[in-house]
Amino acid sequence: MSKSDAILKKQLDNTIGSPGNLKRRRFISGSNQDQHLWKDGGLTFGINGVSYGSCDFAWYTEDSWVDPFDNQTYSEKPQLVVEATDALNTRSFGDAQVQRIHHGLGSFRCNVDTVYWLRSVDDSERLQEYVPGTAYFLTDFYQKQGLTSSYLVTTNLEDIRELVELLGNGGNQSEKYKKKKKEILQKMHDYFFNFLQKEYDGNWIRYLAGEQIFKTFENKWVKIMPGVRKQNWLDSSKRGGHIFVSKTIASKYLLIGSNLFDPTKNTLNILWPLMPRADYDEINISKPNDKEWRLLTKVENANTRIVTNDEIIGLSDIQKKGVNSLQNANLNRAPFKTNKNKLMREITSGLISGRITLN
Amino acid sequence: MAKLIKITHDLIINILNHGLNFPVKEIDSIGKVVVMNARDALSYAIITSHGYLDETEPDSMYVLARDHFRIFNQADDFDLQEGVFSLSGLRLVTTINTEIQRKAFLKSNEKYILPIEYSGYSELKSKISELLLQIKTNGMNCNNFIICPISAQNSGLESFFEYVVSVVFNRKMFLTDTQIPFFYGVGTPDVAAYKISNLIELLQKYGFLNGGGSIIDLMSVSAFGLSDFSSDESPLDESIVFEVKTCQTSSPQIKKYTKTKIFSKAYEVIPVDKQSEKYAGLFTINSDGKIILLESSESVDFEESIQKKYFQWIEIYLKMYLLANLKTDELEKLLSEHDHEISNSGLIDFAKTISFEKLLKSIRNILL
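Here the protein sequences line up with chains A and B, keeping their order.
Each residue of the first sequence is one higher than the one before, counting from 1030 in my numbering.
Each residue of the second sequence is one higher than the one before, counting from 10 in my numbering.
Honestly, the hints are just simulated from the structure, not real lab data.
Some hints could be false.
List of simulated lysine to aspartate or glutamate pairs, EDC-like, C-alpha gap at most 20 Å [said to hold, decoys possible]: (1) A:K1052 to B:E64; (2) A:K1106 to B:D282; (3) B:K134 to A:E1105; (4) B:K299 to B:D282; (5) B:K134 to A:E1091; (6) A:K1052 to B:D37; (7) B:K112 to A:D1042; (8) A:K1068 to B:E132; (9) B:K265 to A:D1264; (10) A:K1052 to B:E66; (11) B:K134 to A:D1264; (12) B:K136 to A:D1042.
This is chain B alone, in the form it adopts within the complex (with noise of 0.2 Å):
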């Protein structure tokens, strides 16, 4: 019978250190943490939601959500939400260098990701303000600290494993989304990973992704730098959906993702030890941290036009993304240099007819 892996500090250690390769370390009065640069662990804060320690912040915590990040409501849709650009007319809001103008920390010194259980809110308080003394004590910088919070029921910690799926697959050169809009009355996948070859190459050629990436990567270039990789490798085109479960067994609702024939390849991703679904593969660890992945029994239905049709949609939405890296009086040139009304209607046009190769050149040399 199917039975749930309990997450505790250890495994989510040991999910970082053996399953993901990050390093660990050993702090003074605090214990182990694991080790990530100030990029790395960005991407971690934001995918999971997990705050950095900040004195100045309710709960001591500043948190940044995906959430934030927002461009589209729905796929195959170019209805502009507030989240990186204001609905008030064009305007760059929530991006990676507005949090970074907001909180430099964010850009400086390794990151350590310290796991905490607590079975109720006031222990977490509680725990978190002994840990700001000992940090002090120790003589450390609080903002150095993300903190993941481990509820005693196992609940919370999707975001965890949203975040561990996207690094496993970014590393096999995917691009990664996660909570991606999708479209009304399907819901919301947790996170869907996409090889799409041209555009992969492109990003890596200009230097926007070192092999794969998350949103949030292709977000980060202005702040932490372009990449240089390159690779012999010609990815296939290929989509692959994920639904994360950590109180439950089984998810059967991916089943509402895989209706699409957008994907080719679908995983249920549940701390679980069990068999995969015939419906789905299964993207579990064992108790050692390491990362297990199962394939269905059953291959997924699934149409090459009708991903080829999402992928145009996807092109559009990543030109929104990489458009983050830019100030606001960037684009407005940018936008203007091209012909496109200083607008969000403008904005849209622009991504839509702009070249990737052409809009990730004029981006490089506005960052260069």
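Same shape as in the complex, but just chain A (with noise of 0.2 Å):
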């Protein structure tokens, strides 16, 4: 748990508290508690035997509720699971905001209305649009499959105090509580569209194309994720696995969102060019229950392909060599910070002009 936890926890504890005959969970401070699942105490969800990350607070019923981790019956409902974060606040540039969102993917999947809250003050961060955008997409494309959950995006305390509020008051089938959510989904759909036709003229293409989703010369939808390396999973210090799980579901949901991409038919290559085949294999076997590298390659793979370096073909000798060169570097320090952006030019350039194909 980061420092900042405990604060978002205490602010929903003395903002909200427990009304109606909701009841509360969370795990302050020294506790792993969170990480076991909804069945055993936790905040952690799943589906089917595989667990997603664990969220940070819950307001729950004691009502019967079938938890599709194991399809059992169990004697706490949960009602509206958080997922907080201070990312806005804490100078955390990059991909902080996004790392999280797998985490209420799992309560959402459940069919838990889930909150991902991004705490902003006077002079945070700007909260980047793909975050609200990944969700709205993601509960756009549930919904229709027939969950009744969302998955909703907020920087507001405000939002999700109202939403308790109505819950504790009236249960998760008054029409106040619907309200409020399609409220929130609304003002997630507003901001991400709004910032889509004021920085893109509403082109979805170029939209993607900055966050390096592309389709090739031969029709495929690549995401290149440049950074993903061996030592992003198998090093514990590194948080890689988290940031690659949530920026490869960002990427396919904002992709069917766009209507660009036909989820029953279309599949999105996730290009990791400075991977080797050999070491995708090797992580597979060292740590086939790490979380996030299951969630990637075993539960939230539908419409994804992950492309290792050995499937690229075409790239020049000098290309290998970059690759090579780059494998266990610093991809943010001199030079290789500029080597591997200018590599990924190139392999970019060379996927939709044809010169470079994946197998």
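Fit the two chains together into the complex; they arrive one by one in their own frames, and the hints show the way.
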């Protein structure tokens, strides 16, 4: 648990409490109980025996609930789950905002309303548009398949307070509660599409290209993830897995939201140019139970395919040397950062022109 | 070979009793508890994150954590974090005063530290339910009990040892802090202890310290009163870093902190039977709960000029915690009296510019 998590939970405790017949589940500090499954008193959700990341806070009722993790009935029913982060206020740049989005995905897919709260204050960083965008498109996608839960993203504690208040007063079927959910979803929709319109004139292709998502000469959708290497998965001090899972999920649902991608027949190739297939196989053997690895490769892998360096055809000898030189380098430092960016641009343009293809 | 010492109910009692000299009491059908006054207990509860029994809260526990009282994110930086102060305008949010307003029991009665051994969450919950019943049967107030949960795996007890270190060094006239903000990319030391002679003397002189103390003690003055302490000892500047482990027998990552050259000493804090390492001393306990302090065989590489620069930041950091003794309107008044803007940036400017002594006098005047 990060230092700021304790503050966020305290704000939820102090501002909202337990209205109506709702009860709270959260673990303040010095405990890893949140990593246990809901059925075991924790804050981790899963489906068909596979668990997602742990969340931070839940309101529940003492009603029976069939847990999709094992399809057994339990006596505590989660009503609203919150994953919280202070990433907008800790000068954490890059992927900090999105890296926990898969934590809330577990409860959302268990048909429990879920809020990803990125706390905002006066001089917070800007919320990256693809965070609410992804959650909006996830909600839209799964509701069309029968889920009734929503994956909500907000920067405003007041949104959560109102939701819990309405939930406590009228339950999750009350019109007021449903209306509030819709209102938040609409805000997420507008936040994303206003950005798309303002910055890209509504042009999805250009927007996706900025996210390193594009179509190859062979009509294959590709998302390039330049930093993925073996050490990101095998070195426990790195949180690479978190970022790669969340970025993959975000890429897929943005693409689905663009309507340029048909999830009933298209595949998104997740390209890891610096990872040899042998390294992929090694991780697969050495970390079969790693939560993020399992999510990426076995659970949240519908419509995605991981493509390693070995499946790239047409790299020049210089480019191959470039790949080798970057495999163990610090990609955030000169000259490797520049070299990496140059190589990724070359691979992207090669894939678009057809000079480079994917096996 | 190094061997970890198993933490048990009895050992926790012994550490607090034999190691730190807190009295022990036997309560009918409940067993041995360690007795602390409300002020010491609040420090214990915040540093350890061990909860007060409170049936109105989830898991029947009211838990406070050191992280609730954050001020800055990093050393040598003044980037305010949500915690003691709000980021949405100048406001004191989480202070000892606001906590006591929320839960009045924090301030009153003697408190009992009760260790409970458990092997799983459900067992802990059921033991707490039984305990609550027993407390009611005994006609006692459950809010006077603080639970020290001891998992069968020895895990989760790092914060308990942070508290023990803190008290031991407070009694040696050090200022201590746990989970102190440090440098980006270096990590967060579990405990740090500072002797900053001029500041400690002033804190004692104006009643803010009874010898040494923790950051929590500095914030508790308005709630629990000023101290009356005098000493002829003139402490020399010193800074020590500690890294706590309860599930492994060494902690070489402490070298990350000593490499900064801020600290003149370093200790691994591990309940273990071993000799100290070359790179750090060892703070441990014996099976009777007595504290054992072993020095490292090699000295720590330290530079006085780096320490001095760091102490300049610590001084401002301490001022911010001293201000947590005020209420928001008192803070606003203080800022405007000193011609500072009533905003978070005005607050930081004020803390940077006012002298330590003048600040202590001002706060003391408000409190008296």
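Verification of the hints:
1. A:K1052 to B:E64: holds (12 Å)
2. A:K1106 to B:D282: At roughly 47 Å apart (the allowed maximum being 20 Å), B:D282 and A:K1106 break the hint.
3. B:K134 to A:E1105: holds (15 Å)
4. B:K299 to B:D282: Holds, at about 13 Å.
5. B:K134 to A:E1091: holds (16 Å)
6. A:K1052 to B:D37: violated (32 Å)
7. B:K112 to A:D1042: holds (13 Å)
8. A:K1068 to B:E132: holds (14 Å)
9. B:K265 to A:D1264: holds (18 Å)
10. A:K1052 to B:E66: holds (9 Å)
11. B:K134 to A:D1264: Violated: B:K134 and A:D1264 sit about 35 Å apart, past 20 Å.
12. B:K136 to A:D1042: violated (24 Å)
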